[in-house]
Amino acid sequence: MLVLFETAAGYAIFKVLDEQKLQQVDSLYKEFETPEKANKVLKLKHFEKFQDTTEALAAATAMVEGKLGKSLKKILKKVVAKEAHEQLAISDAKLGGVIKDKLNLSCVHSPAVAELMRGIRNQMEGLITGLPAREIAAMSLGLAHSLSRYKLKFSPDKVDTMIVQAISLLDDLDKELNNYIMRCREWYGWHFPEIGKIVTDNLAYCKTVRKIGDRTNVATTDLSEILPEEIEGEVKLAAEISMGTEVSEEDIANIMHLCDQVIEISDYRTQLYDYLKNRMMAIAPNLTVMVGELVGARLISHAGSLLNLAKHPASTVQILGAEKALFRALKTRRDTPKYGLIYHASLVGQTTAKNKGKISRALAAKTALAIRYDALGEDTNAEMGVENRAKLEARLRYLEEKGIRRISGTGKALARADKYQHKSDIKVFDPSGDSTLPTKKRKIEEVEEAEEEERPVESKAKKVKRDPLTEGEAETETPKKKKEKKKKKKSVEEPTQEEEPKEEEEETAISQVGEVPKKKKKEKKRAAEESLKEVVEAPAEEARHLHLFTNTTQKKKKEKKRAAEEPLKEEAAVEAPAEETSEKKKKKKKKVKEEVE
Amino acid sequence: MVLLHVVFEHAAGYALFAVKEVEEIGMLLPQVVEASVLNVGKFSSVVNLSAFFPFKSAQTALENINAISEGVLHADLKLFLETNLPIGGKKKALLGVSDAKLGAALQEDLDLSIQTGGVVAEIIRGIRLHFHSLVKGLTAQAASKAQLGLGHSYSRAKVKFNVNRADNMIIQSIALLDQLDKDINTFSMRVREWYGYHFPELIKIVSDNSTYCKLAKLIGNRKELSEESLEALEEITMDSAKAQAILDASRSSMGMDISPIDLINIESFSNRVVSLSNYRQELQEYLRSKMGQVAPNLAALIGDVVGARLISHAGSLTNLAKYPASTVQILGAEKALFRYWGSPSLLGVRMAAVMAGQGWIGSG
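First to last, the protein sequences are chains Y and X.
Counting from 1, one number per residue, gives the positions in the first sequence under the UniProt record's numbering.
Counting from 1, one number per residue, gives the positions in the second sequence under the UniProt record's numbering.
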């Protein structure tokens with residue numbers, strides 16, 4: 001009987017010398033207590049070593065999956081050729097089945113076989129001669145690593161350790177390059193000091209020095225590819241009247257070698273930067289699109305790995321890199337920093353100082369999403385990043401616009417304008433001043449007006465409560481208001497119960513990033529509500545008519561409340577127009593107004 | 001009626017001025033001339049430029065000024081005067097010169113009547129004051145630059161400045177050598193780490209930095225190692241056993257796979273490190289030769305590097321020469337020395353003596 005034994009180093013085929021021993025399963029282990037005894041039971045027929053770890057890996061994976069690997073097939077064929085009648089003892093039953101199918105070898109698997117295997121494993125070094133233990137150990141280690149990597153579907157492209165390394169090397173190189181360049185400038189400055197002031201760019205300086213050598217050669221050298229014309233002219237001029245010393249050949253040679261090194265190192269630096277860009281795009285494309293390669297790489301390096309970075313909440317991403325300032329502020333109960341490494345992203349750099357904080361927060365939020373997509377997502381395209389960036393840029397433009405509108409008046413006047421609007425909720429627009437002709441209708445209106453004025457007084461109390469809440473919203477209300485001028489108050493049919501969710505919605509909406517989604521939401525809600533088609537209260541209608549120029553949502557809420565409080569007032573029975581568009585409403589209002597007058 | 005010519009030497013070149021005869025100056029009294037000197041307009045009406053000869057290069061300027069300082073007539077000056085002054089004839093031209101010795105040489109050579117001192121001195125003072133308004137086409141900037149350059153080269157010549165004996169290159173070189181060592185070490189560590197992701201066993205086999213970098217460059221992807229590369233490996237490592245060990249280790253390595261772009265990057269970086277270590281070798285050679293030129297005995301006695309360090313520590317070779325031997329002995333161990341300096345006990349002195357062994361001399 002033959003025994004097939006797999007090791008990390010290769011396949012071993014043993015021949016059982018004494019089959020009787022196999023019958024006593026329980027005492028089989030005794031046979032393998034010493035190498036000599038083991039050798040009496042088994043003899044090594046053939047040992048097929050794996051060439052390298054790749055082969056070992058292929059064999060191991062095949063075995064694990066229960067398939068017949070190439071090398072195994074080869075060795076078995078050899079065996080079959082010699083001793084087809086023998087049975088083959090194997091440790092894996094599934095494998096046995098496959099072998100039987102493919103190669104027509106009868107396989108055995110039983111407790112006896114299992115004990116046999118244990119024994120062999122015990123005395124492996126003694127049985128498999130010609131294989132030093134060290135080699136087996138090395139092979140098993142290599143195989144273990146490769147197998148685990150294979151199982152994890154480890155891809156060398158998605159490794160971010162190189163990014164962390166590359167960014168730190170980039171910093172090191174910059175520092176060293178600066179050092180060498182300063183040394184080069186000093187050395188050559190003894191010979192030709194003027195050129196140091198004329199040629200400010202470091203790389204150009206080194207290239208020029210490399211080409212010129214001794215300053216007596218300046219007149220004859222052509223520097224047009226390195227320097228622009230006027231600088232070249234200045235250099236040539238300065239060389240004539242230079243006050244530097246003479247230098248020996250050796251010194252010049254040394255300086256030129258140093259310049260060579262500098263030039264090579266700065267070439268490598270550009271190469272490294274390209275490599276970094278490449279890797280960033282391969283590993284984290286969305287992050288790259290959002291904040292740029294350098295900032296992205298620094299973020300990854302700061303967190304340790306892409307996966308670690310993905311675990312951070314967006315607020316942490318926002319202030320990564322400003323930990324010292326953060327904890328100092330937390331300890332002393334001051335304002336925490338608004339940005340860390342993210343400050344260097346192009347989106348934050350573009351904005352005015354006022355809006356940097358807002359953009360930084362928004363950017364951090366979207367960036368955190370991008371990072372998680374990159375780290376944990378299946379596919380690696382940058383669509384999501386591009387979309388988000390577009391959103392952020394729109395928001396940026398919006399913020400800038402708002403700023404511009406504010407600046408157009410005087411700062412203070414505009415601010416007061418907010419408050420003025422605020423107050424005008426309470427104040428009532430008096431159309432009576434428009435026409436000088438006294439009419440009956442006007443009188444009724446005046447009466448109604450008086451009543452309206454009472455109501456504002458009542459609801460003022462409630463308004464006061466809402467003030468602190470809404471003052472914060474006042475800022476964001478004004479643009480909303482302006483935008484909503486177009487869509488005037490929609491129907492005021494909203495019942496009270498919808499007030500609450502709407503309030504909540506508005507408050508949460510204010511804290512949202514984008515105005516657009518909020519407005520859309522509102523519109524949707526309004527459309528839904530309009531379709532309900534409830535009867536409008538006359539006072540509500542009047543209120544709408546009177547409050548022609550005050551369209552804040554606060555007012556709407558107030559009206560709703562008023563509407564809720566006085567459900568039974570029936571004055572000018574004007575039917576609620578079931579209008580869909582604000583333009584129609586406007587026209588209607590105008591009509592009503594004209595009627596009144 | 002032009003009576004007097006005055007020759008004026010400037011860093012930019014020679015200038016010859018003609019002095020017109022005016023009533024007061026006709027008297028040729030120094031005091032009177034002095035008064036008119038201060039007023040540019042008045043002065044320029046009296047004195048105007050007759051000829052100007054600029055120096056061709058810094059070299060010729062230096063030669064001329066050397067000649068002047070020694071009171072020798074330089075060929076350029078001679079030529080200049082011959083062309084611009086009316087020589088011979090019945091009336092001898094009167095030439096004012098600031099230096100008496102030069103004047104004597106001129107008189108002898110060119111047969112001119114020379115006048116020095118007195119009114120000539122005053123006139124020359126005036127010329128110096130208003131030089132750039134008298135000489136058109138020479139900007140103040142160019143003039144000052146010329147003066148600066150000439151001043152430096154003249155001083156250097158006087159001081160007998162020998163380029164080859166300059167010790168500042170040594171000080172710089174030793175500093176650069178230290179820096180290069182540090183950098184090469186840092187970068188090699190980095191290459192080891194990067195390549196170690198792919199082929200960790202190589203680190204244990206090869207411990208030398210530059211050899212490792214060369215090997216990393218040669219091997220590239222360890223999977224492609226085969227018997228053919230054994231020769232190349234041996235060439236780098238100078239050891240066939242190691243080469244064989246590398247080959248074996250590459251087969252059973254536990255390192256991960258590496259993408260080609262990473263490999264390219266590692267290769268370029270190893271190139272950088274190798275070239276830096278080559279440059280370091282060159283720099284050491286350079287230092288050796290410099291030390292041989294500047295301080296051969298010092299180099300022969302204690303070696304180049306230690307000698308260079310001593311010079312750099314002292315600031316220059318002459319400074320080092322001023323130190324007593326005891327200071328030289330402990331140069332480099334000052335920190336340890338002064339820790340025990342102030343202590344009154346005998347322990348301090350003994351410790352100081354022990355510490356002295358730890359100076360650069362002791363370590364060399």
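Treat the hints with care, as some may be off.
[Claimed, not checked] Calculated pairs, DSSO-like style, for lysine-lysine (alpha carbon to alpha carbon, straight line, at most 30 Å):
no. : chain 1 : residue 1 : chain 2 : residue 2
1   : Y       : K74       : X       : K145
2   : Y       : K67       : Y       : K153
3   : X       : K223      : Y       : K197
4   : Y       : K151      : X       : K204
[As the list claims (entries may be wrong)] Listed next, the stretches of chain Y that the computed footprint assigns to chain X, with coverage defined by at least 3 CB atoms under 8 Å from CB atoms of chain X:
no. : stretch
5   : 116 to 127
6   : 201 to 212
7   : 291 to 304
8   : 375 to 386
Calculated directly from the structure, the hints in this document are not laboratory data.
Being a predicted model, the structure only gives us computed values, none of them experimental.
All residues carry an ideal CB built from backbone N, CA and C; glycine is no exception.
Evaluated hints:
{"no.": "1", "hint": "Y:K74 <-> X:K145", "result": "88 Å, violated"}
{"no.": "2", "hint": "Y:K67 <-> Y:K153", "result": "19 Å, holds"}
{"no.": "3", "hint": "X:K223 <-> Y:K197", "result": "52 Å, violated"}
{"no.": "4", "hint": "Y:K151 <-> X:K204", "result": "28 Å, holds"}
{"no.": "5", "hint": "116 to 127", "result": "violated (count 0)"}
{"no.": "6", "hint": "201 to 212", "result": "violated (count 0)"}
{"no.": "7", "hint": "291 to 304", "result": "violated (count 0)"}
{"no.": "8", "hint": "375 to 386", "result": "violated (count 0)"}
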